[in-house]
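For the record, the sequence lines run as chains A and B.
Numbering-wise (my numbering), the first sequence opens with residue 1 and increments by one.
Numbering-wise (my numbering), the second sequence opens with residue 1001 and increments by one.
Some hints could be false.
Stated by the list, open to error - Each computed PhoX-like pair below joins lysine-lysine, with the alpha-carbon atoms no more than 20 Å apart:
1. B:Lys1240 to A:Lys44
2. A:Lys12 to B:Lys1137
3. B:Lys1586 to B:Lys1618
4. B:Lys1137 to B:Lys1028
5. A:Lys44 to B:Lys1576
6. B:Lys1028 to A:Lys12
7. A:Lys12 to A:Lys55
8. A:Lys55 to B:Lys1240
9. A:Lys55 to B:Lys1290
For the record, the hints were derived by calculation from the structure and aren't laboratory data.
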Amino acid sequence: MNITVRTVSALKELVGQGEWVTILPEGSTVADLLASVAALHGSKVSLYLSDPGDKPTYPPLLRVLVNGADVGALQGRDTTLKDGDDVLMFTPIAGG
Amino acid sequence: MRSPSTERGEMYQGGYTGKILRIDLTEKTYKEEPLPEDVAKDFMGAAGFCIKYIFDEVPGDADPLGPENKLVYAVGPFTGTGVPCTSRMAIGAKSPGTGAMGLCMTGGYFPLEFKRAGYDAVIIEGKAEVPTYLWIKNGKVTFRSAEDQWGLMTSDCQQSIRDELGDQNIRVSCIGPAGEKLSKIACIINERRAAGRKGLGAVMGSKNLKAIALRGDMEIGVADPENFEIFKKRFRKRMKDSPALYPHFAKVGTSGNFDNVSALGILPAKNFTATGQFLPSATIGPDALKSRGVGRIACAECPVRCSQMRLAKEQPYAGILAEGPEFESLYAFGSMCGVDNPDAIIAADRMCDEFGLDTISAGVIVAWVMEAYERGILTKEDTHGMDLSFGQHESMVRLVHMMGERQGLGDLLADGVKIAAEKIGKGSEKFAFHVKGLEFPGYDVRGAKAYAVAFATSYTGADHNKGYAIQEIFGVPVPYAVDRLAVVGKGKLTKWNQDWRTAIGDAPAICIFPVDMATGDIALENTADLLRAITGMEWTADSVYEVGERINNVARAFNTLAGFTRADDDLPERLKTEAIQEGPCKGQSIPQEDLDLMIDEFYEARGWAPDGIPSRAKLEELRLGYVADRLGQA
């Protein structure tokens, strides 16, 4: 299935691009997507994308939205993706 | 060097100077009063002191530009102790822009000098007979003629005072021509920092007060130095360990938020007609602005250094230097006006700083003009021949100049979008973006429902610094994660956001950025620990939170006395009747029934009646029985 992946700011700088389409097997989750991106881009990126487990950082290293909805309000990294989904991921930063 | 032990009353072991300065501009007199201990315990400092004294001493029906209004400057118990990022202060008055409680926070160097000059707060009353500035040095106040400064831009004014008094280390808080001309969107500037919103600059102008200049050398001690060092070290470590603060925020400032808000689909554009459609990050976002960066500036005692100095490159703006533009200015003069020229935004930002105008209000007003022009409600005859279509950046910059001078069309606009739309009419009120007369910040809250409730209900009007919905905008799960598009639960969350932010930012007077990006999950405990160590007073996370709740209730009570009702807790019509057309929030709006549901939930969470008036029970719970008496509560 085709998933559009978008990123901005610090993570975009590390990944080197702001938007791309990736192909994942049916039934893939957000965790699967993050693992595939981390595998492509090395340790600097994987640091941001890795699962903090039961030791979350403050603030979170990563925010992920699927079709505009925070995964925290869905099934977290276990959220299942479907063909045509739009996934936005970035490091939260404060603003005015 | 003065020692606090010789200057401060016995009751304060640290943090506070224990003194309030009361200045009567009419009589040209001043006196020192002790800071009452119950005020310190119940209101903490800064925003708490401002709101408490404005409620107590300014009638609800006072003319904001009349002599009954008072201007209160106040710092917090952290200021001057060496806790990082605490050169912060609050300035309060009845707002000329809204008629409600007006409260701004500012940073820079002035707050630290203010504390060293020896005061926790300064209350300014009356009206000077002639343009005046106050010179305050180590307990002595001099009323000086401002005839040489009146009419000057803010940076020239500050320099003029330093030259006149012969000390380049003097810190100055002043107004520009906009405040002198009583513009209801005029701000107060120190260095290049702004107490930006609610027209507090006009309050100073109405008192013929051009500036306050300070020098001081008081040392601010702490009650428990050993624990103070432990907690201060913890704070610094958290700042260092934050994945966002130094690695990213320090390099781009709040402009970094421009990309995030765009990506979330909530960057307002073209007066909220093109959210999700006009996305100029490539030309005016943080990456694009790097080519204009010429350095970074810090506030006093701040290791982050997040203020970006930027120099415009292309004509007709080449050579204009600004501290910024920050996120809100990139929105107000950028996406909101359909402008994607970074140099025009730098120019407009600098112009606002010099005239002493609020950038957010100015940009939103221009965007309203642009929509009115495109709809034919305003024509070239009204706009002095200027093409004021969206995107016309030269016209935008010229219009800001005219607002600063109160010249031509600028005179109509200088009092805010609410008044301008009321005067022009022809349906333009429907797209005037404000709440309670305060122009709307850079978030299309159709895509962030708790933030919508915050803007609708904040005591100051649509104010991004009150009740910031960190869960929705930053995605932090404090106190819990939320779905930003959900409606249920957002009223209750907004109460928490408002009280928390007041308690851990506005009252102790600490910059909210290291809190948001480093200590947000332990902010109440961190604040309580530092307060105990600094002041020697009893503080817990709960009592810290309660201060935030207390302050918001007093402010609400003031607004009730000023005539505000539930009807004023509202949103611009477009957000309720039109949906976002494109992007991740396509289809989102806030119909009236959803807004009513969220506000009902908010009032219930607050312990207020369905009409939005704080109940006696809630006020007495917060030790505010006298506030209930003044409201006439049974």
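So, going through the hints one by one against the coordinates:
Taken as a hint, the B:Lys1240 and A:Lys44 pair is honoured in the structure, with Cα atoms around 18 Å apart against an allowance of 20 Å. With a CA separation close to 50 Å, the supplied pair A:Lys12 and B:Lys1137 exceeds the 20 Å bound. For the hint pairing B:Lys1586 with B:Lys1618, the CA-to-CA distance comes to about 40 Å; that exceeds 20 Å, so the pair is violated. Annotation: proposed proximity of B:Lys1137 to B:Lys1028 holds, straight-line Cα distance about 16 Å (limit 20 Å).
The hinted pair formed by A:Lys44 and B:Lys1576 fails the criterion: a straight-line CA distance of about 43 Å is larger than 20 Å. Between B:Lys1028 and A:Lys12 the alpha-carbon distance is near 58 Å, which puts this suggested pair outside the 20 Å criterion. Between A:Lys12 and A:Lys55 the CA atoms are separated by roughly 25 Å; this puts the pair beyond 20 Å, and the hint is violated. In summary, the hint linking A:Lys55 to B:Lys1240 is supported, as the alpha carbons are separated by about 18 Å, within the 20 Å threshold.
Straight-line distance between C-alpha atoms of A:Lys55 and B:Lys1290 comes to about 34 Å, which puts the hinted pair past the 20 Å bound.
Of the hints listed earlier, those the structure fails to meet are numbers 2, 3, 5, 6, 7 and 9, in rising order.
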